[in-house]
Amino acid sequence: MADAMISVDGLTVEYGSNRVLDNVSLEIERGEIMVLLGGSGSGKTTLMRHIIGLEQPTSGTVKIRGVDINHCSRKDLRAIRCTMGVAFQEAALFNSMSVRENVGLPLHELTTLSDSIIEIMTYMKLAAVGLGEAIDRMPQELSGGMKKRAAVARATALDPEILLFDEPSAGLDPIVAAGLDDLILFLKHAFHMTIVVVSHELASAFKIADRIAMLYRGSLIAVENKEAFKASTHPRIRQFLDRIADPITESAAARDHLSQLAGLAGAS
Amino acid sequence: MNMLESIGAGVINGLAYVGGLTLQFWSGLRASPRALVKRGRWRAAMRQMAMIGVEGVPIVAVMSICTGFILAMQTGSELRKFGALQYVMDVVAVGFTREAGPLLTALIVCGRSGSAFSSEIGTMVVTNEIDALKTMALDPIEIVMVPKYIAACIVIPCLTIVSNTAGILAGAAFMFITTRITLPMYLRYIFNAIDMRDVFTGLLKSLIFAAIIVNVGCMEGFRVRGGPEAVGRSTTSAVVKSISLVILADVFFTAIFYLVRKD
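Top to bottom, those sequences are chains U and Y. Every letter in the first sequence is one number past the one before it in numbering that gives the first Met the number 0, and letter 30, counting from 1, is 29. Every letter in the second sequence is one number past the one before it in numbering that gives the first Met the number 0, and letter 147, counting from 1, is 146.
Hints are computed from structural coordinates only; laboratory data are not their basis. C-beta atoms are modelled at their ideal positions from N, C-alpha and C, and glycine is treated no differently. Hints are not guaranteed to be accurate.
[What the hints assert, rightly or not] Heads up, incomplete: computed chain Y residues facing chain U, CB under 8 Å, no partners named:
id, residue
1, Glu128
2, Asp130
3, Ala131
4, Ala136
5, Thr164
6, Arg222
7, Gly225
[To be verified] Cβ pair distances, simulated, as ranges:
id, chain 1, residue 1, chain 2, residue 2, range
8, U, Ser113, Y, Thr21, 36 to 42 Å
9, Y, Gly231, U, Gly262, 36 to 42 Å
10, U, Cys71, Y, Leu28, 21 to 27 Å
[Unchecked claim] Straight-line alpha carbon distances no greater than 30 Å define the calculated DSBU-like cross-link-like pairs of lysine-lysine that follow:
id, chain 1, residue 1, chain 2, residue 2
11, U, Lys187, U, Lys206
12, U, Lys187, U, Lys74
13, U, Lys74, U, Lys225
14, U, Lys62, Y, Lys133
15, U, Lys187, U, Lys225
16, Y, Lys37, U, Lys74
17, Y, Lys37, U, Lys187
18, Y, Lys133, U, Lys74
19, U, Lys229, U, Lys187
20, U, Lys62, U, Lys206
21, Y, Lys37, Y, Lys133
22, U, Lys187, U, Lys62
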């Protein structure tokens, strides 16, 4: 697709004998919000880390605007990363710096703007996420929701084209989480950013997503728009949507082990 | 066969580790010209200088005074038998400028700052701060390691001078107590006994120790994988490995200086 901002092709990731991602192919278009949905251990954070180029895949490619992020020059990688903003799950603010320094860091490092302009921009970015008053606080003095918003302000400092969120609403109360959803929608509409959100929260996904990609045990089982996703009949998607727990299956080996522990070996 | 295998594996691991250190040293060196012209790096380096250097002065001074006094007493008790107590001054002067000053300082910095480097960077790895730097197109080596490197290379030789001075003054106290040699007399003797070449080789060694301590501390930090307990392990390992490497490097360079001096 000519307009694909991010294109993942045949991405396979193995850690030892454990296959974390299995032949995942996904195209994310310019200006859309793609939610990567999946349960714990489904590989969604791993997929995001590969899209950012933090890890080397076992096979397959990740291209950002047509440039292979794992096989490009240092200069190209730098150029790509300057157009990407990432808000990590635990916010990953630099603990030794104030909120102001955290948000100002990419501006100081990667632009030639004067200090006074950086100061104004930092304040504007923080005001946009509602943290104008917390500008001089240290990260330790912020609540969970404030930290995540500060991380968003830092991720958007350079006005990126692509914004990635890892579990923006994890560990937050519903009101703060809803605020973050609104913020994501605002960023999309105001700046026409391409946004990738890793999440397991259905309510949030349905609110913000243009399309939803569902991962199950490392495989991509669906890439649909909201309505098609809600109406899906795929058993794993239905299980996820209807909140049905996996049955606790007891293997023969586990049963044997238990009966041995109980001194009942041989008796069954 | 098994023993040979494990020896082989140990050697390979050791070489891989030294290789990793060399690569990291090289990337640090390559990032240095960029870092040296940035105000932010110097600010960070100044903070590190305060932590490694200024805060380290008291302990380096006290430990050096103690070591100087011990050295004087131990050699004094032997030399007294030959009525050659004045040679204690030579032993203290040469011993400290060539060896005890640089080594003692490096060992104290290993314990104080090597551990701090690895725990700081290890925590940054665990909390994704290093990943955040990378995704902002910033080089963690340049931002996190190079300021420490600049600071250590400036401050550790300074601490070594503090240690030399403190050790030699401890010798003065010993000489005053035993033979009533006053400080001016002692200093006159000491300045004759000290060879400036010894002082410079000592400072050169301390520069090498500084590079080792920063490299090992940072590398142990960057290699942290997992949770907080991995940070603890990396801290221990940073101290143990940097102390061992400092002593190995000391043997190596002392041998070189010894051979050069012979001709």
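- Does the alpha-carbon distance linking lysine 187 (chain U) and lysine 62 (chain U) stay inside the 30 Å limit? 21 Å, holds
- Given the hint that lysine 37 (chain Y) pairs with lysine 74 (chain U), test it: the Cα-Cα distance must not exceed 30 Å. 20 Å, holds
- Classify the hint on glutamate 128 (chain Y) as holds or violated, based on whether any CB of chain U lies nearer than 8 Å to its CB. Hint holds; glutamate 128 (chain Y) Cβ to chain U Cβ min 5 Å, cut 8 Å.
- Message: So, as I understand it, the hint says alanine 136 (chain Y) touches chain U; can you test that by seeing if any CB pair is closer than 8 Å?
- Response: 4 Å, holds
- Item | Agreement of lysine 187 (chain U) and lysine 206 (chain U) with the hint, judged by alpha carbon distance not exceeding 30 Å | 13 Å, holds
- Please test the hint of 36 to 42 Å on the beta carbon pair from serine 113 (chain U) and threonine 21 (chain Y). 40 Å, holds
- Message: Check the hint pairing lysine 62 (chain U) with lysine 133 (chain Y) against an upper bound of 30 Å on the C-alpha distance.
- Response: 18 Å, holds
- Query: Can the suggested window of 36 to 42 Å be confirmed for the beta-carbon pair glycine 231 (chain Y) and glycine 262 (chain U)?
  - Reply: 40 Å, holds
- Message: A closest beta-carbon separation below 8 Å is what the hint needs, so does alanine 131 (chain Y) meet it against chain U?
- Response: The hint holds - alanine 131 (chain Y) has a Cβ within 8 Å of chain U, the shortest such distance being about 4 Å.
- Given arginine 222 (chain Y) was flagged as interface, is its beta-carbon under 8 Å from a beta-carbon of chain U? Since the shortest Cβ distance to chain U is 16 Å, the answer is violated.
- Task: Sort out whether lysine 187 (chain U) lies within 30 Å of lysine 229 (chain U), counting only the CA atoms.
- Result: 23 Å, holds
- Item | Holds or violated: lysine 62 (chain U) to lysine 206 (chain U), with C-alpha atoms at most 30 Å apart | Cα-Cα ~27 Å, so holds.
Checked against the numbered hints listed earlier, the structure breaks hints 5, 6, 7, 13, 17; every other hint is satisfied.
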